[in-house]
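Engineer: Single-letter residue listing:
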Amino acid sequence: MSVNEIIEHALKGEILPRSVQIFGPEIALCLTILALLFVRMFEIHRRLPTNLVALLGALIAFLGVFSQFMYVKGGSEIPAMMALFQAWGLTPEGVGEVGPYFTGLLVHDQFSVFFRLGLCLFLVLMIALTVLSGIPDSEDGQDFYTLLIGSSVGMMLACGANHLLTLFLAVEMMSVPSYAMVAFQKGRRQASEAALKYVIYGAGAAGVMLYGLSLVAGVLGTASMPELAAQVSTAFAGGSFVLTNPVAVTLALGILMVLAGLAFKLSLVPFHFWCPDAFEGAAAEVGGFLSVASKAGAFALLVRFCIALTGNPDPSLAGLNLSLGIGLGVAAAVTATFGNLAAYSQKNMKRLLAYSTIAHAGYMLMAVSALVIIRGANPSGVPGLTSAGLDAEARRCLEALLYYLAVYLFMNLGAFAIVALIRNQIFSEEIEDYRGLAGEAPVLCVCMLICLFSLVGLPPLGGFWAKLEIFASLFQAGRVHWFMWVVLGIAAVNTVFSLFYYMRVLKSMFLTERPVGARSALVPFRSAPGLYVVMVSVPVLLLGVLAGPLSQTANNVARILLR
Amino acid sequence: MTDLLLHFLLFIIAGSVLVLAPMLIGKLVRPWLPTPEKQSVYECGEPAIGSSYIQFDIRFYVVALLFIIFDVEVAFFFPWATVYGGATQLADSRLSDVARSNLSDKLLNLAPGTSAASDTVVSAADALYLAKTGVVDIAVFFAFILVGFAYVWKRGDLDWVRSLVSEFQQSQALTRTAVVADQPAKTEMAS
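Sequences listed follow chains A and B, in order.
Position 371 of the first sequence, counted from 1, bears residue number 372 in the numbering used here, the numbering being contiguous throughout.
Position 33 of the second sequence, counted from 1, bears residue number 215 in the numbering used here, the numbering being contiguous throughout.
Because the hints were derived from the structure by calculation, they are not lab data.
Careful, some of the hints might be misleading.
[Stated by the list, open to error] Label-pair distances were calculated between CB atoms; the ranges are: (1) V343(B) - L32(A): 33 to 39 Å; (2) A88(A) - T296(B): 43 to 49 Å; (3) I207(B) - Q191(A): 55 to 61 Å; (4) I320(B) - A88(A): 28 to 34 Å.
Note that beta-carbon positions come from the ideal geometry of N, C-alpha and C, so glycine has one too.
With the sequences and hints as input, model every part of the structure.
Structural biologist: This is the structure in C-alpha cells:
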C-alpha cells in the first residue's frame, strides 16, 4: 500500500472518522480527566466540586455508549433516540457497521458495546456512590477521579481488543491506576501495604503475560487476534496438537502465560493472594470497583482471547481446545471452592466479600470453559447434537456469562456500597459490629439481604437466573466431555456452601440485638444513601423476575460474536 | 552454533584473564604499608562522613518519579521526529526525482532503490499532508503532557522545600488573622 493510499484511506477517508465516532465516549472520558485537572488547577473546585465534573463526564460517556448500543441494536430508526444519535453524529457506515477500527487494533461489535455500556453505567453509579460516601475529599477528588476514569478507559479498550498488543495495553491501563486507588487513603498503613502487595503481584503477572504474548505472536507469526485461529491450523498443518511437538509446547506455554496474566486480573486460584489484602486495605468503594469493573474487563479479554484461539474447528486441533477448556474448568472449580471455603472464617466484611468475589470469578469462568469445550467439539462425536445445536449451546454459554456479569454488577456494587455507607455511620467494617443494625437502618439491611441472597443464587433474584444459565451450559458441555459434569457438581455443592457465610452476616444484622453503647447508624429510607441502595438493589430483583429482555439481548450479542 | 559457543567461551576466558592477571601481578609486586588514610573509604577525595547505608529523603523519589514519567513520554517524540523530518523534506516540491525516491526509501524503511523501481515514491502533496497530520498529532499529545506538568507544578510537587513552603504560608495566615503586634520576631524568623 503506498503512502498516498494510506492517506486517502486512513486519514482522509473512512477509517479515521469512523474510528473517532466509535471512540467518542472514550474521548469524552479523556476530556473529563483534563477538565478535572483544570478545575483543580484554577482553584474553582470549591464552587464546582470535582465529583460533579466527574459525574457529568461519566454521564455523557454513558449516553454516548447507550446511543451506540441502541443504534447497533435497533438501527437508526428509533424516534425517541434521534436527538441522541444526532448529537453523537452516528452514521450507518460508522457505528452502524460492525468491524475493526483504528486499523484493526480495536473491534467494534455488539459484544464490545454491551460491555462498554455496562462499564459506563458502573462508572456513573460508582461516582454517584463516592459523592454520597465522601471518599475522596474535595481537595484530592481530582486525583481519585482521574485514576478511576483512566482505569475505566482501559477497561473499555479491553472490551474491544482485537490485537495482542491492545490486550496487554488494556490490562496495564486498567491495572496501574487501580494500584494507586488501593493506596488512596494515604495515612492508612494497611492501605499502603495492600497497594504494595498488589503492585508487586501485578508487575510480575504483567511481565509473565507479556512474555506469553511474545511467545504466542512469535509461534503464530501474527499478533492480530482474528488471524490467530487460522495461523494455529497453519502451524500444525499435518501434525496434531500433542506435547511431543515442540511448536505445540511453545504455543501451550505462551497461552498458559497469557492466561496467568488474565487470571491475576480475575483473581483466580492460585493468583488470588492479592485480592483479600487489597480489598481490606482499600476503601470499600475501590473494592467494589475492582471486584466488578476490572473483572468485567478481564472477562471480555479472556473471551476474546479464547474465541480467537479456538476459531476454527479443525479436527487436528481438538487437543488444544479440549485441554484449554478442561484447564479453565479445573481452575474454575478450584477457584470457586477455595473462595467459598476461605470466606467462612472471615470476620471483616470486606475480606468476606473479597473471597466471595474470588468464588464468583470461579463461577463465571465455568461459563467460559463450557464455551471453549463446546466450540471445540466435533459435531459427529456428540450424540444428539447437530452442528447447529452446538452453535446454539455455545451462544447459551456466552449468554450465561453476560447475564451473570450484568447481575453481578448490581448485586456486588450494592453489597460494597452498603459496606461503605455503614462504615460512614459506625466507622467499622467488622461483621461483629453489624449486630442489630436492621432496627436502625432497615433500608440498608434489607438491600444487603437482597444483594447477598442474589449472590447465593436464591430465586426470585437475578443471581438465581444467572447461576441457572451457567449450570445449564455446564450440563450441555458435559455431553461433549464428561469432566464438565464434575465441574457442575462442584459448582452446585459450592452454591449450597456459600449460603452459610452470607447468612452469618444477615443473622448478625437481623437476628441479634444491637449492643448497648454501640454507635447508631440511622439511615432513613428518604435520604440520598437510602435511595441509592434501593436504586442499585431494584435491578437485582427486576432481573430475577424479568429475565427475558436481558437474556435475549445477551443471546443476540453472543450470536454475532460467535458467527 | 558450536562456532558461536566457542567464540563466546574464548571471550569469557580472555576477559577473565585480562582482569585477574593485573590484580595477581599487583598483589605479588606491590609493597604493603597500610596507614589509616589508605584504609579509609574513598569518596572523591573528601573525608567520608558516616555510613552510606542511610535513608534517602523521600523527595528524591518524587522528583525521580516525575522525571521518569515525562522522560518516557518525551521518548515517544523520537519515532515521530524521524517520520516528520522525512515528510517535511519530501514536502519540498523542488526535489529532484532521484532525491525524492531516495528519501522515500528512507521514510518508508525500504531497501535503497526500491522506490525508484516501484510506485512507492511519496509525492510532495502527500508528504505535506503527512507532515501536517504529524504536527496536529504531536500538538495534542504534547498538550496533554503539558496539562499534567502544569497540574504537578501548581500542586507544588516540584517545590523542593514543599513542607516548609506550606508551613510558611500557614504561619503567615495565622499571624495575619491573629493580628499579634507584639511578636514581630516570629514573622521574621519564618521569612
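Engineer: Each hint: holds or not?
Structural biologist: Structure-based check of each hint:
| no. | hint | verdict |
| --- | --- | --- |
| 1 | V343(B) - L32(A): 33 to 39 Å | holds (35 Å) |
| 2 | A88(A) - T296(B): 43 to 49 Å | holds (48 Å) |
| 3 | I207(B) - Q191(A): 55 to 61 Å | holds (59 Å) |
| 4 | I320(B) - A88(A): 28 to 34 Å | holds (30 Å) |
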